[in-house]
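Be aware that the sequence shown starts at 1, since it is given in our numbering, and climbs by one per residue.
Since the hints were derived computationally from the structure, they do not count as laboratory data. In this text the structure is predicted, and so the values were computed from the model without any measurement. In this text, a Cβ means the ideal position worked out from N, Cα and C, and glycines have one as well. Please note that a few of the clues may not be correct.
Ranges between beta-carbon positions, derived for each pair [as the list claims (entries may be wrong)]:
id	residue 1	residue 2	range
1	G9	A92	21 to 27 Å
2	M63	S85	15 to 21 Å
3	A26	A76	19 to 25 Å
4	R133	Y112	21 to 27 Å
5	L28	R116	37 to 43 Å
6	G89	P127	32 to 38 Å
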Amino acid sequence: GTVSRTLNGRPGVSPATKAAVLEAVARLGYRPDSAARQLSSGRGNRIGFHVSVHSGRFSPFYMLFMEHLVAYFQGAGYRLTDVPSRPDGLPAALPDGLVLLGVHDDDLRVPYLESRGVPFVLEGHAPGQRWVRADDYGG
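Model the full structure from these sequences, guided by the hints.
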C-alpha cells in the first residue's frame, strides 16, 4: 500500500501523502519489522562470515575487524552469522552473501561461491575480486 511504497522509496506517492506518512512514522516511533520484511522479500538478510581453516580466529586484528563488521551490518539491517566449514574447508551453508577471511592464492572458496552465484567480499586484497582491508594509516 501507500505506506509501504513511501517507506521503500517507490514511485506513486504524492509529495503531500509522503510527508504525512513520514510525519506519522516519526511521531509514532515506527520501526520496520525485519521478520516481516524478510518474509515479503523472500530474502533472509543474512550475511555470513567464513574464516579459512588456516587462519587464526582470535588474533587482535580478527577480533577488532569482527567488532566493526557486526556493528556495520546490524546498523544496515542485516544479521551477521558465523558459517562453519565442511570437512573440505568450504562453507557448510550459503547465506545471502559472505565475507571471506584468511583468503589465499589457491583458495577453493572463491570459485565455489562464484559457481553458485553467491556474492562475496574478501578481507584483504585480491586482484579481480571485491575486497576490503584495514586502514593501515588511520588505524
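Original post:
Out of the numbered hints, which ones does the structure contradict?
Top reply: 1, 6
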